[in-house]
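Please build the complex by placing chain B on the supplied structure of chain A, with the hints as guidance.
Protein sequences appear in the order of chains A and B.
Going by the numbering used here, the first sequence wraps up at 281, each residue one higher than the last.
Going by the numbering used here, the second sequence wraps up at 314, each residue one higher than the last.
Derived from the structure by calculation, the hints contain no laboratory data.
There may be inaccurate statements among the hints.
To be verified - Computed spacing ranges between beta-carbons, pair by pair:
hint	chain 1	residue 1	chain 2	residue 2	range
1	A	L12	B	H81	49 to 55 Å
2	B	G62	A	A56	50 to 56 Å
3	A	K8	B	M156	44 to 50 Å
4	A	R178	B	I66	51 to 57 Å
5	B	V106	A	I257	50 to 56 Å
6	B	K75	A	F15	25 to 31 Å
7	A	L86	B	S25	29 to 35 Å
8	A	M121	B	N279	27 to 33 Å
9	B	V106	A	F54	33 to 39 Å
10	B	V43	A	S168	39 to 45 Å
11	A	F50	B	F304	37 to 43 Å
12	B	A208	A	N266	33 to 39 Å
As the list claims (entries may be wrong) - Quick list of in silico lysine-lysine cross-link-like pairs, DSBU-like style, CA-CA up to 30 Å:
hint	chain 1	residue 1	chain 2	residue 2
13	B	K114	A	K268
14	B	K119	A	K268
15	A	K134	B	K75
Unchecked claim - Every beta carbon over 12 Å from chain A, so not counted as near; a handful from chain B, in silico:
hint	residue
16	L71
17	F82
18	K163
19	G188
20	Y206
21	A209
22	E274
The beta carbon of each residue, even a glycine, is placed where N, CA and C say it ideally should be.
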Amino acid sequence: MKTKAGSKAASLLIFLVLTVFAIFCLAPFFFLLISSLRPGAEMIRNGISFNVDFTALNLNNYWLLLEGKDGIYLLWYINSAIITVLHTLLSLLVTSMVGYGLAMYEFKGKNLIFTIVLVVMMIPVEILILPLYKLAIGIEMINTYMGVIMPFVVAPMSIFFFRQYAESLPKELLDAGRIDGCGEFRIFFQIMMPLMLPAFGAMGILQAMFSWNGFVWPLIVLRSNDMLTLPIGLQSLITPYGNNYDMLFPGAVMSVIPIILLFIINQKAFISGLTVGGVKG
Amino acid sequence: MADPSVIGLGKPFIRRSRLKQLFSSQKTAPYVFVLPFILSFLVFFLYPIVSTVIMSFQRIDGPGDITFIGLQNYKNLLNPHFFNAVWLTTRYTFWTILVLVPLPLVLSIFLNKKTTIGKNFFRSAFFMPALTSVIVAGLFFRLAFGEQQTTLVNSMLGVFGIKPTIWLQDADASMFVMVLLCTWRWMGVNIIYFLSGLQGIPEELYEAAAIDGASEFEQFLHITLPSLKPVIMYVVTISVYGGYSMFAESFALWNGPRSPGEIGMTIVNYIYQEGFNNNNLGFGSAIGIALFAIVMAVNLLQLFSSGFFKKEGT
Chain A
1 MKTKAGSKAA SLLIFLVLTV FAIFCLAPFF FLLISSLRPG AEMIRNGISF NVDFTALNLN
61 NYWLLLEGKD GIYLLWYINS AIITVLHTLL SLLVTSMVGY GLAMYEFKGK NLIFTIVLVV
121 MMIPVEILIL PLYKLAIGIE MINTYMGVIM PFVVAPMSIF FFRQYAESLP KELLDAGRID
181 GCGEFRIFFQ IMMPLMLPAF GAMGILQAMF SWNGFVWPLI VLRSNDMLTL PIGLQSLITP
241 YGNNYDMLFP GAVMSVIPII LLFIINQKAF ISGLTVGGVK G
Chain B
1 MADPSVIGLG KPFIRRSRLK QLFSSQKTAP YVFVLPFILS FLVFFLYPIV STVIMSFQRI
61 DGPGDITFIG LQNYKNLLNP HFFNAVWLTT RYTFWTILVL VPLPLVLSIF LNKKTTIGKN
121 FFRSAFFMPA LTSVIVAGLF FRLAFGEQQT TLVNSMLGVF GIKPTIWLQD ADASMFVMVL
181 LCTWRWMGVN IIYFLSGLQG IPEELYEAAA IDGASEFEQF LHITLPSLKP VIMYVVTISV
241 YGGYSMFAES FALWNGPRSP GEIGMTIVNY IYQEGFNNNN LGFGSAIGIA LFAIVMAVNL
301 LQLFSSGFFK KEGT
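Just chain A, same shape as in the assembly:
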């Protein structure tokens, strides 16, 4: 048996350790925010540092960002938003159908298809960037929204998640729906989909997060300045001829804000989206 003082000291120690790591995790956000308010010339001289002239902080960079370069930043923002929304909605529709189909029905080839889902999950998509690039040229998807979205709409992780979720739904509902004369698709859209709402929430948020932050594939597909997404656009501001810090930092901060708001509103769905799928503990 431990003494009370001893366990109190242990809790305090744990609290301190957690605090140190929390600072490690949060400090970059603080410094990014401060840097976005500093004049770019000062950033070139000092980098991100403790040397901050707090009296010189101002919102000029943000105005510059909105007006500068003919508002191209705003265009990137809109591109990102369109791609994220389209990608997320399409992906949810399709992967929920596949996951549901795999969970609810017995049919020839079912096990083979599920095995393929698992295998696709295990193969790094990065090895496919060259052949996918060639394919994208072939079907004229270079520099289009669809080119960014299509190859990754049917995300195997998401299928896996929906399948796990649908397994827990009562199969009697299927029969009840059939007796009432519903077709299989009406059963899915009108009876089952509403029951799967939590799964849609979790997967929607995760998909939106991946899509909003997507880097490797958009970098390859998107070619013209006015089609870029936020991360690719920001990356293009970093040039060998000097970095445009005035726009880079406010751009970085503005790119993080929507996803953080989404996180704060939907913390639970975010976390459950990560824990189901893969871990069969």
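Here is chain B on its own, set in the frame of chain A:
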């Protein structure tokens, strides 16, 4: 409103309804449900895989200018750039696993304790970095680890009398920055995985062990670790995957696939550089196939050594 049993039974309707019935009958419906996956798999996965295997035996000088060169691309893999990329990526994967398994495990145990204060706050704080894009993260790490004396990290080291380091020009220092960047972004995600594993362990196990006089460390060793084995294996597997396919972090830190002395050139960087900068799609494909083989080999090795194939079930 449009109930088929009520609305007219005219001929055109019946025909349409039969068609509809066939389409959505119990037999055909499941195939329609999984059709999108099959199509996407064939077009965006199987076809690219087959085409990359074929490309790896070709020299591609232009859309119509293709020559089969047998194993030449694979022979060309035996060069210092490729060995450097494999070695760098292997070390990177090793370090990320060494940090990103034990650290999140310990933190999640702390977060799972009843007596810990502010659990929700810490959970959110640890998870926040995963929300950022790699560009934003890379931007911070580039400039915080800048070479000037005044940067965040160098000025912190200055307090302890350590001379400023030119971080992103030095091989060991830049490996440290890459692993730290990875730790920053993914620690919280792994904590969530471990937390969900921990919450599945029945409380009675610990109570029984405590009655038997087991210390907290013994409980960790004999209850927590074995129960978390599937989660640990999962985290190691995705770390192998993530480590070997690392690209964006290094791309963001050095603004492109090139870095001084190739200190940040991962295997995927090498694919990108050969495929897009040198327009050498055949050789790039061969690198991709090699990467695929490496990831598969490491995963199988890991599964074998953890006894996955010996025991049935989980």
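Given the hinted pair K134(A) and K75(B), is their Cα-Cα distance within 30 Å? Judged against 30 Å, a Cα distance of about 24 Å means the pair holds.
Assuming the hint says 39 to 45 Å, is it satisfied by the Cβ distance from V43(B) to S168(A) or not? Cβ of V43(B) to Cβ of S168(A): about 32 Å, so the range 39 to 45 Å is violated.
Range hint compliance [Cβ, F50(A) to F304(B), 37 to 43 Å]: 49 Å, violated
Minimum C-beta separation from E274(B) to chain A exceeding 12 Å: can you confirm that? 9 Å, violated
Within a Cα-Cα threshold of 30 Å, do K114(B) and K268(A) meet the stated pairing? Distance ~19 Å between K114(B) and K268(A) Cα, so the pair holds.
In this structure, is the beta-carbon distance linking K75(B) and F15(A) contained in 25 to 31 Å? Hint violated: Cβ distance 58 Å, outside 25 to 31 Å.
Just want to verify: A209(B) was marked as not at the interface with chain A; is every Cβ pair farther apart than 12 Å? Since the minimum Cβ distance to chain A is about 14 Å, A209(B) lies beyond 12 Å and the statement holds.
Separation of K163(B) from chain A, once the least beta-carbon distance is taken, above 12 Å: K163(B) is indeed farther than 12 Å from all Cβ atoms of chain A, at 16 Å.
Return holds or violated for the Cβ distance of G62(B) and A56(A) against the range 50 to 56 Å. At 54 Å between Cβs, range holds.
Was Y206(B) rightly flagged as not at the interface, with every chain A Cβ beyond 12 Å? 15 Å, holds
Honestly, do V106(B) and F54(A) meet the 33 to 39 Å range at C-beta? About 37 Å separates the Cβ atoms of V106(B) and F54(A), which means 33 to 39 Å holds.
Are the Cα positions of K119(B) and K268(A) separated by 30 Å at most? 14 Å, holds
Checked against the numbered hints above, the structure violates hints 3, 5, 6, 10, 11, 19, 22; every other hint is satisfied.
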